Amino acid sequence: MTRTVDRQGGLTRRESLRRAALFAASSALPFGCTIATGGDATAPWMWPQMPPVSARGYGTDPDLIHPVIPWPNTLDTKSRTLVAALADILIPAEADIPSASQVGVVDVLDEWISAPYPDQQADRKLLLAGFDWLDREAERRHGVLFVTLKNTDQLALVDDIAFPERAHPPSLAGAVQFMARFRLLVAGMFYSSPEGIRELGYIGNQPIAGDYPGPTDEALAHLQQQLDRLGLKA
Amino acid sequence: MSHVYQGFGYDAVVVGSGAGGAMAAYMLTRAGSRVLMLEAGRDYDPVRETPMFQTNADAPLRGMSTPDKPFGFHDATVDGGWQVPGEPYTVAEGSEFLWWRARMLGGRTNHWGRFSLRFSHHDFKGFSRDGHGADWPFEYTDIAQWYDEAEKLIGVCGNNPGIEDMPDSAPGVLHTPPKPRVPELLMAAAAKKLGIPMVPMRRAILTRPLDNRQPCFWATNCGKGCSIGAAFQTTTSLLPMAKATGRLHIITDAMVRSVNVDANGRATAVSFINRRTRQSETLPARVVALAASACESARILLNSGTDAMPNGVANSSGQVGRNLMDSTGASVSGYVPALENRPRYNEDGHTANHLFIPWWGYAAQVSGELNFPRGYHFEVGGAFPQPGMGVGLSAAGYGAALKERVRRRYGAHVNLSLRGEMLPNARSFMEIDPQVKDQWGIPVPRFHWRWSEHELNQVAHGLTTARQIIETMGGQVDGPDKRPEQAIKKGGEIIHEVGTTRMGSDRRTSVTNEWGQTWDVPNLFILDGGVFVSNPHKNCTLTLMTLAMRNADWLARAMQRGVV
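For the protein sequence lines, the chains are A and B, in the order given. Take the first sequence: its position 190, counting from 1, is numbered 297 in the numbering used here, and each next residue is one higher. Take the second sequence: its position 506, counting from 1, is numbered 1732 in the numbering used here, and each next residue is one higher.
In short, the hints are calculated from the structure, not lab data. Note that the coordinates shown come from a computational prediction; the quantities given were computed from them, not determined experimentally. Among the clues, some could well be false.
Here are the simulated lysine-lysine pairs, DSSO-like style, with alpha carbons at most 27 angstroms apart [claimed, not checked]:
1) A/340 x B/1418
2) B/1418 x B/1716
3) B/1418 x B/1405
4) B/1663 x B/1708
5) A/232 x A/185
6) A/340 x B/1405
7) B/1419 x A/340
8) B/1419 x B/1716
9) B/1419 x B/1405
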């Protein structure tokens, strides 16, 4: 599934043909897919035509100590590159905390959408459609794939779809839903990694001898401030 | 007369290795009887198999639930869930019911919540108090000492708060409960303002050593199982203790189909499918104790019918499969700004709620202020959890703002899970499906289910109360208000199903006497939750084990006297 990109970063003719076949008009487009025209034109949302993942799950009695993931990853290199770029826009490196892609989120997301379970299969459909939409929208705006955009142009595009609470043209509904789901997954994957756990400041999963120590004095002082503010008594 | 299996002579056959069966085996072997135990699932060793310190990142899909592992990858359950491959059940049209099973040694005790609340004098005499359901054939005072004995044996942490809903344990029985954490203290203050008590939860978690089991070291979710034995499960306690007597022999992968009863109305044998060979085998038995779970034991009785007993064994009352009850369940969660950006510390504790809200409405019931007869409690949540996919729910926007928001909101969510009493009703029961069989050729249960206005009104009250508590904390409830019929969990979803072989003092309206001895077959006993007459809101396992202990003791004495 490796794609060839021409010197300007636009789609090759071969790729355009392949994609047209891959995303041939889907019969179910719940987002009111329209090829918008005029000032608020965006790339149309298209559902991918794809066979279901047919690999085995891990079964009802997996080895919990040495888990094995029996299904293969399925994302192609181009999609993995896009996932890395988009995940790092959501969760960039900051101080001594690495970015989402630097802690392996791309692999976890690939594992996720390649899994043969219903929730993950639904995510696979939405996310693959979203990846495709991002590239087509980047191409429509600037003539290049999303990963090739200047950072400011990437952020401008993300800005248009990263706030579900804002008003959107109907043509963006699919992309907005995609972005919300992608963000939820990427954030969950990042913050459950050792580096994400360090950022959150979770302290636990360590044996403590004797009684449970309970809250620190600092934590109790903070609680008391809040009780006072709320007019509550312990 | 003893029987012999592969050189092992045995006096009694116990079906099931979970809370009831293991307790029966413990009591019988301790009294000198030799027990052959049949377990449908595979052998299981928590010491070797529990993923104690594994994190979500160590699991496929970050440990999230899948159809293969409905409570998440690291949950202890083996070959189980609300669906078991090759072992279907059916649900009558218009009903919804979910039947959880675990196919493993120790059954559901390997992953249960360990909440261990005694029933009170009100709970055993509900009918006398409000005219609903039926009374139990004994009073609280008759089994108070047995509660003490069971609590001492399994190890329960908690205290005696001295409130109507929570009878005291004898001095020295309970292990010290852990200190409450910040979200619980804030919620307790809010509840107090509303006149609602919040007290230490009682859980079957050791906080001091007991037998070969170590006290809790305040880490790793109990649902994974507990390799150090701090969280009670039969596979680290009752079963090894019973085995140590040399008088317990366990056959795993033995799926019991029926109990054979002779023309004199005595049980003579148990038939099971050997899951490895797929062959049917029959074991002669002098005494049979069923503890396969409420619905599985009722299924066995109903599938044991003969020409002389077409309605199944021990079913002259017609009550086998009837009176099926679960707990009511509903959940309300919210975001509490007062908990934002609070100082970090280790909030794992014993990984469930250190405080909870017991039922506080007895006076209001008596004075007629409430439009539902039976109570509920709240199990509460809110802590710095071990981060998992759920953290993603806090994310919004992107970049530095996203990260700041996630850090700020971490540990600022709370939830209240309602668990309430359901009254038995004529439209909630199980029977045998006339067509469908499982992969072992055994006819499967067909479930019928309806909630009544008693449960819906109770849940409505709980939803309102939970909202008041969260709002008094300065918080905001997630999502729109739900109607009780939307909020209430499905039948079977709380996994507290009981009542299908209820005990009583009248053989016309019950399946067993107060000792779990079936009225019709004197050497056939039921020692699981099937014997429950009502299903108080307090989670069934502690009472189930207490009854199994008391009744196995009675059975051991009867066997010694030659009465059974």
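Do the hints match the structure? See the list:
no., hint, in the structure
1, A/340 x B/1418, "holds, 8 angstroms"
2, B/1418 x B/1716, "violated, 31 angstroms"
3, B/1418 x B/1405, "holds, 18 angstroms"
4, B/1663 x B/1708, "violated, 38 angstroms"
5, A/232 x A/185, "holds, 17 angstroms"
6, A/340 x B/1405, "holds, 18 angstroms"
7, B/1419 x A/340, "holds, 8 angstroms"
8, B/1419 x B/1716, "violated, 32 angstroms"
9, B/1419 x B/1405, "holds, 21 angstroms"
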